[in-house]
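Participant: Under our numbering, the residues of the sequence shown are numbered 5 to 128, in order.
Some clues are possibly wrong.
[Claimed, not checked] Heads up, simulated BS3-like pairs for lysine-lysine below, C-alpha to C-alpha not over 30 Å straight-line:
#: 1; residue 1: K124; residue 2: K103
#: 2; residue 1: K53; residue 2: K103
#: 3; residue 1: K53; residue 2: K124
#: 4; residue 1: K103; residue 2: K7
#: 5; residue 1: K124; residue 2: K7
Worth flagging that the hints you see were computed from the coordinates, not collected in a lab.
Just so it is clear, the structure is predicted and the values come from calculations on it, not from any experiment.
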Amino acid sequence: MEKDGERGFWLYDLRVDTVLDGRAPVCRHVEGESFRVIGENLLFDQPHKLSMYALAALLPLLPAKQRLTDEDDWMSTDAEVACPDPHCGGRFRIIREGKRWYSHAETTGLPDQRGDPYWKGAEN
Numbered sequence: 005m006e007k008d009g010e011r012g013f014w015l016y017d018l019r020v021d022t023v024l025d026g027r028a029p030v031c032r033h034v035e036g037e038s039f040r041v042i043g044e045n046l047l048f049d050q051p052h053k054l055s056m057y058a059l060a061a062l063l064p065l066l067p068a069k070q071r072l073t074d075e076d077d078w079m080s081t082d083a084e085v086a087c088p089d090p091h092c093g094g095r096f097r098i099i100r101e102g103k104r105w106y107s108h109a110e111t112t113g114l115p116d117q118r119g120d121p122y123w124k125g126a127e128n
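Throw the hints in and build the complete structure from the sequences for me.
Facilitator: Pasting the structure below:
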């Protein structure tokens, strides 16, 4: 994909909210706690916390949820992930927020194609 003559790609920023919807948690899940995913980074507002087991269940889905998908793809429509403890009522709602453009040259590790890393820019 190109934008202004530069090769790159779009990623959604994500917000992952803890939701209970009246279900009883077994693990430490507090309704309303959340974190954001921007590019490759997980951003937690203090003092929000997240079980490492729940995070392990979420991590494989986050990069896919960041990508552009067909509107009928389940990745576009299904937003809740259950806590991996089968007795826990905790859920995690993944919400797509705004999109950001990432330059291929700023994100690749290929020596002949790389530029300055994106995270050195003023916006990140």
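Participant: Take the hints in turn and mark each one as holding or not.
Facilitator: Quick rundown of the hints versus the structure:
no.: 1; hint: K124 to K103; result: 19 Å, holds
no.: 2; hint: K53 to K103; result: 25 Å, holds
no.: 3; hint: K53 to K124; result: 27 Å, holds
no.: 4; hint: K103 to K7; result: 13 Å, holds
no.: 5; hint: K124 to K7; result: 20 Å, holds
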